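First to last, the sequence lines map onto chains V and C.
Quick note on my numbering: the first sequence kicks off at 176 and runs consecutively.
Quick note on my numbering: the second sequence kicks off at 859 and runs consecutively.
By construction, these hints were calculated from the structure, which means they are not laboratory data.
Computed from a prediction, not measured in an experiment: that's the story for all the values here.
The beta carbon of each residue, even a glycine, is placed where N, CA and C say it ideally should be.
Take the hints with a grain of salt, since some may be wrong.
What the hints assert, rightly or not - Going by beta-carbon spacing under 8 angstroms, a handful of chain V positions derived as facing chain C:
1. 282
2. 283
3. 288
4. 339
5. 341
6. 342
7. 346
8. 349
So the chains spell out like this:
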Amino acid sequence: MSDEVVIRLAVLGLQSTGKTTYLTAFFIACDRAADGLAITQYGLGDRDFLNKRADELGACRPVERTPQNDPSELRLMVRLEKGQPEQELVVPDLSGELLRESMNDRSLDTQILDQLSDASAHLLFLRVDRMLEAKRLADFAAALRAAGEELAGEPLPETPDWTVELAATQVRLTDVMQELVRLDYKPSRLAVVLSAWDQRKDEHQTPEEWAREHLGLLTQWLMNSGIEWTAFGVSAQGGDFGDVAARELLEGRTLAERPFVQAADGTIAGIGEPLKWALRAST
Amino acid sequence: MTQPVVACTKGDCTAPAGGPCAIGHSNAEDCPNAQFGDGAASTEQFQPEAVEDLPRPEERGGQPLALSAALTLEEANALIADAGARIALPLGPSRVGKTTLMVEIYERYVRGPWGGTSFIWSETLLEFERLAFAGRLNSGADIPDTWRTRLEDGGRSILHLELIDGLATRNLLFVNQSGELSDRVRNGRDPAIELPLLGSADRIPICVDGALVAESPGQCDRALSHAQQLIRVLGEKASFAARAQLALVVTKWDVIEAAPGAKDRWLDAESRLLEDLRNLGRGETAIRLAARPLVSTPEDDGMATLLRWLLEETAPLVANRIVTTPPLRAMGHFEATS
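So here's chain C without its partners, still in its complex pose (with noise of 0.2 angstroms):
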């Protein structure tokens, strides 16, 4: 260490007092925790606190009701603590349809049921309404910018839906996380500091975007490049939840039958990640999602797998224990699990 840690956010970290660092540090400066002595944390810090709550609107003098906008970390936890969850934590790029994702199958719902199940509930109602605004308006139109980087970058990043399917009630918790952080991931950077909520996720869906598949060959590689380096990074680096599956989501399928010689280039860069993926142990499920209905298969738009991927049960690949849904948890908190 070359400063002395003052102080840490961890409370039951004894590094202040010269002991060991709680999370395993062998060097301070490593640590998201820790402040030194001018006060300065050691790193970007994912700061679950600093949350730029929604306003309040003014009070009538009524009954309080739940904003129904996307969730705090703490909403999230209290409601798997309450119910259980399966997470859902999308990765890719920026632009590559995370976000999308996420709100198609909400739009789904608000047709009917689908993929052998019905909506139950949603405490994010309105924050889905919102987000699905903008492509209603312009079939295919992306979510706003601005709206995007609310939904990433705020406190409040994460969406959920109550569903039955068949005769059980699932809470699906979508967690939004910036493009630029898988960026950052792929690049290098330790995935429990970037990603802090990774270790709680069950379900990482790893997109690529299609339409760059679709543009040429060259961007086609760098597409690829960009889903293997981050599947990789996560091999060597992340730590899993016990029952957390992988899988790889390619976006705008319909652009890539539509457009020459596409498909086959998707098709050998599919093999060398699920190769990749399979490496890691956690699944090797390839999903292809179409913007619009295909010309070969109309209904088959590869959202229904999509659900059934997010909601099957899998075992936990640590026998012999009861695994719960633990609660997500943020840097500093997080504990490294197998």
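Chain V on its own, in the form it takes in the complex (with noise of 0.2 angstroms):
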């Protein structure tokens, strides 16, 4: 475990990737004491953002996307294992949507790379059921709309104007770390955090598997790099709101019980572990 007294935490991703659900859920642990996380000093910081967005988990609505107009930056006082000493955590504007901009206009925004500079831990987060694989026609129309994109003029088949947003997801988040490292920003450590792990199609398939599945050229990429990197499963709303049966079970549980997380190989973890794992020195 690091033992830097400042944490900052680079948090990349898309829109929509799950980022802010995860870091609410992990505020809740923490500030349940759940899985040896613990707040240890509570006048420290602004948790307004934090603590609306878990009122949304607790009301059992998906917590709201963080505005890209909105760079707030999160602190927190926290003591990650039991025994360890505390530390600030840091966590920069989690907003995918400055990413993906940045990415698309080719000049990436001195706001990511202020976050990047002093990194100290390093996440990745998509959502698996929103990745676009682009395969049949009709897959393709259905993972564009999931993924919140909207095709530009006449739909398919006539062929519309290309744009990065028509890109496989996996592609351009090989996009992203390539042009991190290009620009001397490589991370030693990453954990990517497959997120929405519970709508994942086959529930048998671990973690590592499914990002060799379904993320062949970024793990490829990421293998190839030198960055030591994992990949968890995290279902940080802990199940589908939206699914009646799913939700009545959620209401059921306190916040701190609902999250559930699989380490690559499976083995089930607390919802800091990403986190702890991103922060360990590299091996």
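Fit the two chains together into the complex; they arrive one by one in their own frames, and the hints show the way.
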């Protein structure tokens, strides 16, 4: 575990990939002293953003997306393991739209550069149920809508004007990582967080198996990059709020009991494990 | 010379001063670099400096990122100078599948490691995605003409993959050239003028459209004739890089297999084309690419064979020389090699 007094977290991912929901679930676990986590000083920072998001989860409502013009920096004094000293966790802006626009415009926003420059830990988020894999025509249209993207112009089968949003999700993320490395921002460790993990099609698949099947290009790039990486399957909500049966089940649990996390090999882990793994010194 | 040479785009040429042509043309009107009294060039020219570059997005005031578009000649040369590269230049008529062939290689890596290799990097990642898009929408769909034209006729025509092959890393550059240029060479035009990058290529697939072979004996005969004429003109006029290898590549082999009589037609055509290739002394490999899994051998659609051929080491034909990847040369700077 890192012994840094201040931990700056770099949270990467396109829009609507579960970053805010994860951070909210992590905050809740710290607040409820679950999974060995704890907040050690409540008088530090402003938790208005996190408390509002936690209220949403409490009411079984999806967490609101972080708007691009709300560059709130989150600060928490936490203890990540029992017996460990407290550390200040700093999480800069979470807006995935900023990253998306930067990559589309081929000009990396300075906020992202600032976030990366002092980062102690790096997390890369993607939603398993909103991956644009662009297989058959019908799959493509549905995936595009689920990813919150819209086609410009006449819909398929007329070939639309191509935009970056039509590229496969894993390729866009590979593009992100390539450009960061090109700019000398190369993390020694990267935790790939597969969010909405409860929504994956094959519930027997481990995060590593899923990553190798659905992120073929990105996993090759990571393996050959010299970056130590692993995949975590994370359901920060614990289930689909839109599913009546799942919602009933979740309403019967405390917020700290709801999240479900699997490490790469499928073993069950706590909500803090992706962050803790990313902080550990490289092997 | 019927007109005085007033200028030459090749800086060290003395022809404007009354000296000889720097690249050996006895008749200046044959030289693509010569500029005459009326300021007009003598022939159509490949003008690498006339790149109509991609519009840069509105500056955000941030750190500029690489475009991830197809490379210009200059960018490709910078990559070669830095790390070396294997240069592939597929030839063949329009719509035979030259660009699709390159994109399909990329698509395999999107699914995972293959052919004993894995993906490291691409300078043209988003360009590959754009080209792959049409085929994903509609399996078997052609790349839209406008997208292909942009790739072939603009100043950005080179696709890139960096791969790990065993312990070695390799840069693979795919040069896109319009089918029209192959047709001109087939018709007898000088490859040095029509395909100025030919002399830098390490791997030159001669592509034949399997759909034509399958369609009828007459169409198969035309496809054979096109390829044969191209190979023979190359044999008579082209100058190749020391390590250059040519191969015969038939696309849509699954269509051939499914059409009665087509396979036999192709086997006959293939043997004749391989004989022509043999005469060039630049390899005699034949590769059959299927667009869809073959009933006969579902796993073998020829792509792994193609990849191995693209990557395999070959000794340069010139002995006792250290041969490094030369820069890609455009017309006007091309120097003939044996």
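Under the constraints set out in the numbered hints, which ones does this structure not fulfil? none
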